[in-house]
Structure formats: structure tokens, C-alpha cells
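Number of protein chains: 2
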Amino acid sequence: MTSIPYKIYLPEEEMPKYWYNVKAVMKELPPPFIHPGTMKPCTADDLRPIFCDELIEQELNNTDEYIEIPEEVREYYRMYRPSPLVRAYNLEKLLDTPAEIYFKFEGTNTSGSHKLNSAAAQVYYAKKQGLSSLTTETGAGQWGTALSMACAFYNIPLTVYMVKVSAEQKPYRKAVIETYGGKVVPSPSDTTEIGRKILAENPGTGGSLGCAISEAIETSVKTENCRYVLGSVLDHVLLHQSVIGEETKLACDKYGIEPEMIIGCVGGGSNFGGLVAPFMGDKIRGKNNIEFIGVEPASCPSLTRGKYAFDFGDTGKTTPLIKMYTLGSGFIPSPNHAGGLRYHGMSGIVSKLYNDRYMTARAVEQSKVFEAATAFARCEGILPAPESAHALRVAMDEALKCKETGQKKTILFGLTGTGYFDMAAYMSYNAGTMTDYIPTDADLEKGFATLPKVDL
Amino acid sequence: MTSIPYKIYLPEEEMPKYWYNVKAVMKELPPPFIHPGTMKPCTADDLRPIFCDELIEQELNNTDEYIEIPEEVREYYRMYRPSPLVRAYNLEKLLDTPAEIYFKFEGTNTSGSHKLNSAAAQVYYAKKQGLSSLTTETGAGQWGTALSMACAFYNIPLTVYMVKVSAEQKPYRKAVIETYGGKVVPSPSDTTEIGRKILAENPGTGGSLGCAISEAIETSVKTENCRYVLGSVLDHVLLHQSVIGEETKLACDKYGIEPEMIIGCVGGGSNFGGLVAPFMGDKIRGKNNIEFIGVEPASCPSLTRGKYAFDFGDTGKTTPLIKMYTLGSGFIPSPNHAGGLRYHGMSGIVSKLYNDRYMTARAVEQSKVFEAATAFARCEGILPAPESAHALRVAMDEALKCKETGQKKTILFGLTGTGYFDMAAYMSYNAGTMTDYIPTDADLEKGFATLPKVDL
Numbered sequence: 009m010t011s012i013p014y015k016i017y018l019p020e021e022e023m024p025k026y027w028y029n030v031k032a033v034m035k036e037l038p039p040p041f042i043h044p045g046t047m048k049p050c051t052a053d054d055l056r057p058i059f060c061d062e063l064i065e066q067e068l069n070n071t072d073e074y075i076e077i078p079e080e081v082r083e084y085y086r087m088y089r090p091s092p093l094v095r096a097y098n099l100e101k102l103l104d105t106p107a108e109i110y111f112k113f114e115g116t117n118t119s120g121s122h123k124l125n126s127a128a129a130q131v132y133y134a135k136k137q138g139l140s141s142l143t144t145e146t147g148a149g150q151w152g153t154a155l156s157m158a159c160a161f162y163n164i165p166l167t168v169y170m171v172k173v174s175a176e177q178k179p180y181r182k183a184v185i186e187t188y189g190g191k192v193v194p195s196p197s198d199t200t201e202i203g204r205k206i207l208a209e210n211p212g213t214g215g216s217l218g219c220a221i222s223e224a225i226e227t228s229v230k231t232e233n234c235r236y237v238l239g240s241v242l243d244h245v246l247l248h249q250s251v252i253g254e255e256t257k258l259a260c261d262k263y264g265i266e267p268e269m270i271i272g273c274v275g276g277g278s279n280f281g282g283l284v285a286p287f288m289g290d291k292i293r294g295k296n297n298i299e300f301i302g303v304e305p306a307s308c309p310s311l312t313r314g315k316y317a318f319d320f321g322d323t324g325k326t327t328p329l330i331k332m333y334t335l336g337s338g339f340i341p342s343p344n345h346a347g348g349l350r351y352h353g354m355s356g357i358v359s360k361l362y363n364d365r366y367m368t369a370r371a372v373e374q375s376k377v378f379e380a381a382t383a384f385a386r387c388e389g390i391l392p393a394p395e396s397a398h399a400l401r402v403a404m405d406e407a408l409k410c411k412e413t414g415q416k417k418t419i420l421f422g423l424t425g426t427g428y429f430d431m432a433a434y435m436s437y438n439a440g441t442m443t444d445y446i447p448t449d450a451d452l453e454k455g456f457a458t459l460p461k462v463d464l
Numbered sequence: 009m010t011s012i013p014y015k016i017y018l019p020e021e022e023m024p025k026y027w028y029n030v031k032a033v034m035k036e037l038p039p040p041f042i043h044p045g046t047m048k049p050c051t052a053d054d055l056r057p058i059f060c061d062e063l064i065e066q067e068l069n070n071t072d073e074y075i076e077i078p079e080e081v082r083e084y085y086r087m088y089r090p091s092p093l094v095r096a097y098n099l100e101k102l103l104d105t106p107a108e109i110y111f112k113f114e115g116t117n118t119s120g121s122h123k124l125n126s127a128a129a130q131v132y133y134a135k136k137q138g139l140s141s142l143t144t145e146t147g148a149g150q151w152g153t154a155l156s157m158a159c160a161f162y163n164i165p166l167t168v169y170m171v172k173v174s175a176e177q178k179p180y181r182k183a184v185i186e187t188y189g190g191k192v193v194p195s196p197s198d199t200t201e202i203g204r205k206i207l208a209e210n211p212g213t214g215g216s217l218g219c220a221i222s223e224a225i226e227t228s229v230k231t232e233n234c235r236y237v238l239g240s241v242l243d244h245v246l247l248h249q250s251v252i253g254e255e256t257k258l259a260c261d262k263y264g265i266e267p268e269m270i271i272g273c274v275g276g277g278s279n280f281g282g283l284v285a286p287f288m289g290d291k292i293r294g295k296n297n298i299e300f301i302g303v304e305p306a307s308c309p310s311l312t313r314g315k316y317a318f319d320f321g322d323t324g325k326t327t328p329l330i331k332m333y334t335l336g337s338g339f340i341p342s343p344n345h346a347g348g349l350r351y352h353g354m355s356g357i358v359s360k361l362y363n364d365r366y367m368t369a370r371a372v373e374q375s376k377v378f379e380a381a382t383a384f385a386r387c388e389g390i391l392p393a394p395e396s397a398h399a400l401r402v403a404m405d406e407a408l409k410c411k412e413t414g415q416k417k418t419i420l421f422g423l424t425g426t427g428y429f430d431m432a433a434y435m436s437y438n439a440g441t442m443t444d445y446i447p448t449d450a451d452l453e454k455g456f457a458t459l460p461k462v463d464l
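If you read the sequences in order, they're chains A and R.
Under our numbering, the residues of the first sequence are numbered 9 to 464, in order.
Under our numbering, the residues of the second sequence are numbered 9 to 464, in order.
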């Protein structure tokens, strides 16, 4: 036995009391949101009809490096946090690598992912503001589950627009949301104007995340004392997810672990942004030289093949414009794509950090991702979510490189969740029927054609 | 904040090094197994064609109170143990009870239940003995999953006879087993003599656990260097599960928690037997006066309405006879029964302890069980397995009694697992279509009629 245990659990009293706001340290900030009507930077007042007041304040806070986690939210966190930082001894053995591999495991709560970290915070602030109900969208279903859990706890009614193909393919995920009292509406639906419009233009469509966002926003704006909440992309979501990075850093410091490489999957960017936040702050200040790698699916390659441009967050083109790496809000990944990470754009913070070369990105194909996931499940016991297995894939690739070079690198990756509601994808992999898809340049051009013309 | 944290995680170095063998302390032992051919007590040699050698030794060990957990098994345990002992602060608040409620949560591993504790041990011993393959049966699928995980780790081929109705209703549970490399055969099947016989006699049957056991045993006996492994009922399984009780007791001692009531669900009895083992040892020695309650479904009430008699462990009547509380090996619970805990019999140890009044038992109806499960999920975040929610139901009932009486009782229950693969049952509860079923005396008589005539 080495002195590093399999699982490092911080005691509850050492749980972080502050979220980490990396924007306070960034040398250049991401540009502000642009109001789609005025084409001027959004003010807090512009955002107020859609979002909770305190979340807007956090969204626009570029100066405070540490923002206190309210005691009530920490109380919620105590139900499932701190999450373990795990030394992947068995994976190291399997790969026969001199590298040390660690993963921060966010899948030990019922939502099955890191999403609960922001859901708990957002619903707390909604309750504090005295809101009567909330709306949101969900794709793979992790965010919808997390939010319905938090809404059940704080007793706030929730409507979840769930991408129709996902609601059909994952009836059990839908059932979990309903068990927690959330109302699930498959999207596009006839309950909103934008939904009816999309249905008219694309009869039989399975929907998309961007379309579900449009419907959720429309409903929130039209409903008295209701607000919309989002599970990724926005700065305040990354802020809440920084609890992952804070805990990871505390555990590393406590046990003398010095990661040389931190790897996370990126869809909207909240898990990655949260995991790396405090380490990134140190890197910007010149205190470390960690290599940060965001991993995305080859079928939805916003960082590696997208454009850094102002774009809408949704298909309906109703949200403020965010400068981000994007494939265009009209881009819809191939239906053979199994896991999440199918968002056309990317967090503004992550986009800026990528553009300014504080991090790199890689795109991986899904068959290789499930190969890694299966090997990991068999040796480490945990069945990963397909999303998380993207990061795992690159961690394994890097550990195998170390085997070749003999380097004893310390690799850390985020295992964001479990795959218990993704078994249809595993079945397709097990049956050998899973295929890969890489969009052609022409495919991407179609998406780019939906980018707004913005002259700033 | 009180001084008891939400979740007590023992550090890995404080993990138990010994399993606890309650038989060494029992004033009267359960009678030995009876060989169905000779009608004499089974010897180790009688059992050798079916079971691994070291497991037989453990099965027949009535003298050693502590049996060492091999370092290799502890190594496996470290991947997911120690499991947390949780203070259910939010449930206490919901119930507005003066009682203190704790639960030992075994659902944080991918098998989703406590079953992995015995699977890891059994497969380790199989590997040590140099066996080429293993067979088993699974009902709800938790044991099959756990065993396939352990078999993947130790690299031993596994065939799982899965109750046909369960394999059909839970394709994703089947997929998890297959992801770990287990071969799933829906039972009854045409791959065994007993399966063909049952199919001929009951065309279209959905199968039963007792029938799947018969098929798994037949295959193991007919296959070179293969053995059968069982996930509950037997003494060595309860022994392995005592790691739950050992950890619980260590955590209680460390934090000065003195449970006055320990509650566990009982199907075959392994979780309950494991959870209570070391506390029961102390009770037998007069060192505590804890009330132990086993909770079973009203639709399969082996303790509360069964007979204490010698019976077969399987429908095919091929196993040794065990003296146990049983409904008769021909008893099949109503198809509307949603959760596990559908075994006709009960662990010999638990049966003896129950018969000798060291514990009590209660039967609960499933609609009340799912009501408790849903309330718990909403306030404590964890979506329980239906099985586990039986224990939860009684813990809640007892806490509500304390509210009436004002008693500040310390109640501890076993939350054996998560319900992520039981969403069809939750859907039926959510939709209001779940019904209860209590067998009539006439129904039970049909089962009792299948009891063997044994004159001892």
C-alpha cells in the first residue's frame, strides 16, 4: 500500500466555503453578452425577465475571485459532497503505465453527474427570490434530473423541456425526473410558439438542445413569477461547478499530489470550467504549468473545428449573443451520436481561455470512447457516463504515451458521472453496431451559415 | 451543525480486516443442511461438486468468530468501501420526529447494492482455486451485476441465468451484466434439462429465482472445472456481508452512536444478516438490547407467515435441504410484485435467530414502500432500490411513532441500494397503477404443499 488511499474524501468540515471565479484573474475577459435587439452589451436589467437576480449578479461579476457559498447551499452539498478524488490504481495496472492517474468522481449522487452542484445553487436562489416556478431544458437528462432533485428539495414546481428523441429513448430518465416531481414536456412541443414553428418547419424532428432552450425560455417569460435556469455554458454555472476544482485542489494539496495534466470533457463547458478553475487561476498567475485539455466528441467539435464568434445559445435565436467557439446554432449532430456533449456552442469563459491558449482541446470518436469506458468499468468498477468517458479516453491515451516514454506523469481527469441511463448506447457498443461520424467540412459550413451577422 | 456529520466515511486504513461469523456466538446453531439423497447432514465433500472449496469451509465454520478478509479482497473493497453511514437529517426534519435516523448506504458502487461484498469474495476464492468458469442466477439483477463486475476484475467467464420476466423487463440491467462480460441466459431456458422440463410443464412461464438456481446448478455440475455461486441465503454469503455491520459498528463506536433499533430488508437475508451480525453477537452475549427488525414484502411473507421447516433452495428441488422459514419452493409471488425480495425461503441463520426471538419481522405492502421511497428520494436525494425501501418504510413508521410518544430513539436501517434499474416500478407508482397483493391463506397452502416430507 502506498500512502495515497484509493479514494480521498475530504471531511465535511473541510468542504470549500467559496466558489472560485476565474474571471477575476483572467488577463483579458470574455466579451460581454450582446443583446440581440439593441446589439449592445446586455445589462443586468436586460437579463432580469429571464434569470434570477442573484444569478445575474454572479454572471456579471468579473472582480471577486472568491464568492461565498451560502450556508444553505453547503447544507445541500453535504448530502452528497465532498465527492471522492480517486487514485486509479487498477487502471494504471491495466495500462502498465508509469503515470499516476487520478479522477474526481462526481457520479455518487442520484442525478448521476456534477450537474447537481449548480442545480442546488440555482434553485436555492430562486426560492430566496420567492419565485413560483422554474423552467429548463434537458438533453441527455442529467441536468433535468439534477434540477428536479433540487426543486423537490426546495419545493418549487419545475417544467423540463426534454429533447424529444431523448425522452423517447430514455423513458427511465424521464421517470426519475417525474419521481422528483418535475413535469416533462418532450420538445419540440405544441405548448410554445417556437415549438409549434419548429414542428411546422420540421415535422417529425427529434428536437435539439437549442430548440428545447428556446421553448423553456419562452415559457418562463410568459409565466408569472417564473424564471428560466440553464445547466451549463453561462459563467454562473461554471462558478458553481468550481466546487469540483476547489475540492480537487484541497485534496491534492493535502496529499502532495501535483497534477501535470488536467483533462475534462466539454459540452457546454461547465464541468471542465469548474474542475480547472482554481488550477487555472494559479496558471494565469504563473504559479503552475499544468496542461489543461478539453475533450469533445468528433461529431460535435465546437472547440477543435468551430469558429470563435458571437452566436445565439439556442436554435430559436432568442438568447443574448455570446462570443464562443460554435458550430452555429443550426448545427445538429448526427443522430448516431450516443452520449451528451451535443451542444453547438461552448462556455464563453472556456472559449476565451482556449482562444488565449491557456488550454488545448481534442476531439475523439465515440467507438474509442466506449472502448475506454468498458475497459475502465471492468478494472475500476465504475460504469462511466459516455460524456465522462471522453475525458477518460484522453487520460488513457496520455498514460499510454507515458508507457512509451517512461515518463511518470501525474494525470488527473474529471469523471463527471455514471452511465446507468445510457445503457442503450452501451448495448449498441456491445453489439458492435456503434458507428462513428465525423462531420465533413460541407456539413460544418451548413452550421456556420446559421451564424448571425454581427459587426462589432 | 451538530457534531455528527451527514456522512461518516471511515478512512480506508480503519476498514475491517475480519468478517464476523455470528454462528460462533449463537447459543443454538441452525441445523446442518440435509443431503436430499441420503437425508443425512451434508459433508464438505457433498458440497464440493457445486461450491468452491474455501466457501464450503466458511459455510461449515461454526467456531471462529472472526474470519480474516484476504488482503486481495480488501484491495477490491477499497474501490468502493468503506460505504457511508449517513445521518438522515432531512428525513428527520420531514417527519418532524425526535428520533435520530441513520442509514448505512450500500448503493455507491456500480452494482448498485451490497451484493458486491460477497461477489468480490466468492470470485476471489474461485480464482484462487483455479476454476475455469462460474454460473449463477439473478432475479432483480443486482447479484448478476455484482458478480459480473467481480468476474470481469478477476477475469473468469460467467453465465448468469436471469429470471426471464426480469431479463425482459430490465433490458438495461441485462446490458450492464453484458458490459462486464457476463453471458445472460433468460431462465427457464432450453440449455438445461430442468429448464426444458419447466418449460414443457409451464409453457410461457416468466420464470422464478428458484428455477434459475436449478439451471445454474445443473450447468455448473455438468461443466468441467466450473462452480455455482449464490448471492444470498447461505451462511458464507452472510459472512461476507458482515463487512456492512462491522463498518457500521466501527462508525457508531467512533461517533458515540448507540442504535436502539436496527432495521433491514429481508429477501434471502444476506443484507440483514450482514448488517446486524456484530451487533447481534453483542446482543446474544447480553451486551446490548437492540431491537432487530427484518422487513419483507407482504406479497412474499416467508418470516411472518411461512413455516420453519426443511426445504429446498430451488424450484427444481436439487439443492440440499435447509431448515428455514419458507413458503415452499413452489411458491411464486404475484406478478404485480415490483421489487426483489421474492425468494420463497430465508437464510438459515436469520431463520434460527427469528425462531429464537433475537429479532422480529414485519411485512409491508408495496404501495406504502414506494410512498416512503419517493418521500426519501425527495428529501435525502437518494433514489432507493425497492428492496431497500422496505426497511426505510419501517424506519419511517418507527420515527413517526417517536413523534407521537416524544421518544428520542436512535434508529438505524440498511439502505442496500439504488433504484436506477427499477424505474418501471416507480413509473407504475407515479402513474397510480401500482397495486398491492397479499396472498390468501389458500394461496399459501399451495406453496406449503410443495414442502418436502422430511422426518428427522
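Note that these hints are calculated values from the structure, not bench results.
Remember, it's a predicted structure, so these values are computed and weren't measured experimentally.
Check the hints yourself; a few may be wrong.
A pair holds if it fits inside one copy or across any two, identical chains being indistinguishable in the list.
Said to hold, decoys possible - Below are the BS3-like pairs computed for lysine-lysine, each with C-alpha atoms no more than 25 Å apart in a straight line:
{"#": "1", "residue 1": "Lys416", "residue 2": "Lys15"}
{"#": "2", "residue 1": "Lys135", "residue 2": "Lys101"}
{"#": "3", "residue 1": "Lys25", "residue 2": "Lys15"}
{"#": "4", "residue 1": "Lys295", "residue 2": "Lys191"}
{"#": "5", "residue 1": "Lys101", "residue 2": "Lys25"}
{"#": "6", "residue 1": "Lys136", "residue 2": "Lys101"}
{"#": "7", "residue 1": "Lys191", "residue 2": "Lys376"}
{"#": "8", "residue 1": "Lys417", "residue 2": "Lys25"}
Now for the hints, and whether the structure bears them out:
1. Lys416 to Lys15: Cα proximity of Lys416 and Lys15: one copy only (20 Å, versus 35 Å across).
2. Lys135 to Lys101: Close across copies (18 Å), not inside one copy (48 Å); limit 25 Å.
3. Lys25 to Lys15: both (22 Å within a copy, 18 Å between copies)
4. Lys295 to Lys191: neither (47 Å within a copy, 52 Å between copies)
5. Lys101 to Lys25: Answer is between: at 24 Å across copies they meet the 25 Å cutoff, but 36 Å inside does not.
6. Lys136 to Lys101: between (49 Å within a copy, 20 Å between copies)
7. Lys191 to Lys376: between (36 Å within a copy, 23 Å between copies)
8. Lys417 to Lys25: Neither way: Lys417 and Lys25 sit 31 Å apart in one copy and 33 Å across, limit 25 Å.
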